[in-house]
Amino acid sequence: MTNRIAELRKARKISQAELADGVDVTRQTIISLESGRYNASLLLAHKIARYFGLTIEEVFLFEEEETT
Amino acid sequence: MNERKAKPLREELIACITLLVCGAGIHRYYVPQIVVVVLGLVLCIWMFMLEVTKGTPEELDREARDERNLMLQDRAAWFCRKVENVLWIVGWIAVSLFTELDTISYVIYWIIILRYWLFFLTRWWMNRKY
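Line by line, the protein sequences give chains A and B.
Here this note's numbering is used: position 45 in the first sequence is 45, and no number is missing along the way.
Here this note's numbering is used: position 87 in the second sequence is 1087, and no number is missing along the way.
Bound conformation, chain B alone (with noise of 0.2 angstroms):
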């Protein structure tokens, strides 16, 4: 009996303490060499949870349809806009008024404009799909 089991929670936790430890020894490497490390960690991580995962290709489809999983899922996207939106507003708001990086700033303040344009015209699109 195959007592391995998919569990999209403690996916996103590892996945999570991942990039925490990632971001905990940022400084010490050149951004090219992040964007190395982080890559071959999260290859790795993908290769476990795929190892891990193997031979229960039913449970993970049933994981993936479960409405429950799907309602849950909503609920963490929508909050998590709602938070990252308060963040960006507020980050933008702090590089323009405290600091000279009037680059980032733009960079902010367009990220926060496609933002709210992505969310509109998906919500448009699902409107008449729905």
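Just chain A, with the same shape it has in the complex (with noise of 0.2 angstroms):
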């Protein structure tokens, strides 16, 4: 699973800390995130989409291939 989470940070000027704040995790978590080393839980998932606007899948791609 890829993400869109830096670029529409991105694109909105927010920093790591205030998305972090945002959605109510630590900034790490966010890092981890935008790099893909960690998947969002579905309520994760759901709190950052609803932070930008967006649905889920527009802000997180599923790839068919994947399996977990």
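Rather than coming from a laboratory, the hints here were simulated on the basis of the structure.
Accuracy of the hints is not assured; some may be wrong.
Taking CB as the label site, the calculated pair distances span [to be verified]:
#1 B/G1040 with A/E64: 17 to 25 angstroms
#2 A/A17 with B/I1113: 44 to 52 angstroms
#3 B/L1009 with A/E64: 32 to 40 angstroms
#4 B/C1044 with A/E64: 35 to 43 angstroms
#5 A/K13 with B/R1128: 47 to 55 angstroms
#6 B/A1094 with A/E64: 48 to 56 angstroms
#7 A/L54 with B/Q1073: 28 to 36 angstroms
#8 A/D21 with B/V1052: 18 to 26 angstroms
#9 A/K10 with B/A1076: 31 to 39 angstroms
#10 B/K1129 with A/G22: 29 to 37 angstroms
#11 B/I1112 with A/G36: 39 to 47 angstroms
#12 B/W1124 with A/G36: 30 to 38 angstroms
#13 A/G22 with B/L1118: 34 to 42 angstroms
#14 B/A1076 with A/A17: 38 to 46 angstroms
Just so you know, even glycine gets a beta-carbon here, dropped at the ideal spot from N, CA and C.
Combine the two chains into a complex, taking the hints into account.
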């Protein structure tokens, strides 16, 4: 799974700390999400999508061949 | 602006180093003294960390609820359990076969039994809950 968090955040001139505050996680979690080392839970994905005013599918990109 | 921040990883590292330092000097003390020294050090560290993280309750709360932190804790705990299982079983075999410390062998065996039962019962309870 890939995501557009960094792209959306930069387009809106939001810092990682501000996004972390907005979705109630640590900045380290945002860093890991942006680098693709960590996949968000459904709840966090929903919070992030809502923060940007988008749907989950618009922020998180699922790839068909993924099994987990 | 308060720059002091709660960092679980740093706190765990400090606790690990303290235990290591205590362990390195342990042969110099009698057992009751070891208990007093270790408990004293743990208390000092706890008070120090309380002071360091003073004024950051929201951040502490967030650190505790953060899903990535929880995932890391779960994975670390699972890995440690597997390593501990191996160490207990190897220790029990070594004590049973290569020493005459029967009491210690029985104690280790019961610790192994209790660990497995505790794990099984916890999973059973969680299976019902979730």
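Hints and how they fare:
1. B/G1040 with A/E64: 17 to 25 angstroms: 59 angstroms, violated
2. A/A17 with B/I1113: 44 to 52 angstroms: 49 angstroms, holds
3. B/L1009 with A/E64: 32 to 40 angstroms: 36 angstroms, holds
4. B/C1044 with A/E64: 35 to 43 angstroms: 55 angstroms, violated
5. A/K13 with B/R1128: 47 to 55 angstroms: For B/R1128 against A/K13, whose Cβ atoms are near 49 angstroms apart, the range 47 to 55 angstroms holds.
6. B/A1094 with A/E64: 48 to 56 angstroms: 51 angstroms, holds
7. A/L54 with B/Q1073: 28 to 36 angstroms: Holds: the Cβ-Cβ distance is about 31 angstroms, inside 28 to 36 angstroms.
8. A/D21 with B/V1052: 18 to 26 angstroms: 21 angstroms, holds
9. A/K10 with B/A1076: 31 to 39 angstroms: 33 angstroms, holds
10. B/K1129 with A/G22: 29 to 37 angstroms: 31 angstroms, holds
11. B/I1112 with A/G36: 39 to 47 angstroms: 40 angstroms, holds
12. B/W1124 with A/G36: 30 to 38 angstroms: For B/W1124 and A/G36 the Cβ distance comes to about 36 angstroms; the hint holds.
13. A/G22 with B/L1118: 34 to 42 angstroms: 40 angstroms, holds
14. B/A1076 with A/A17: 38 to 46 angstroms: 26 angstroms, violated
Hints 1, 4, 14 from the earlier list are contradicted by this structure; the remaining hints agree with it.
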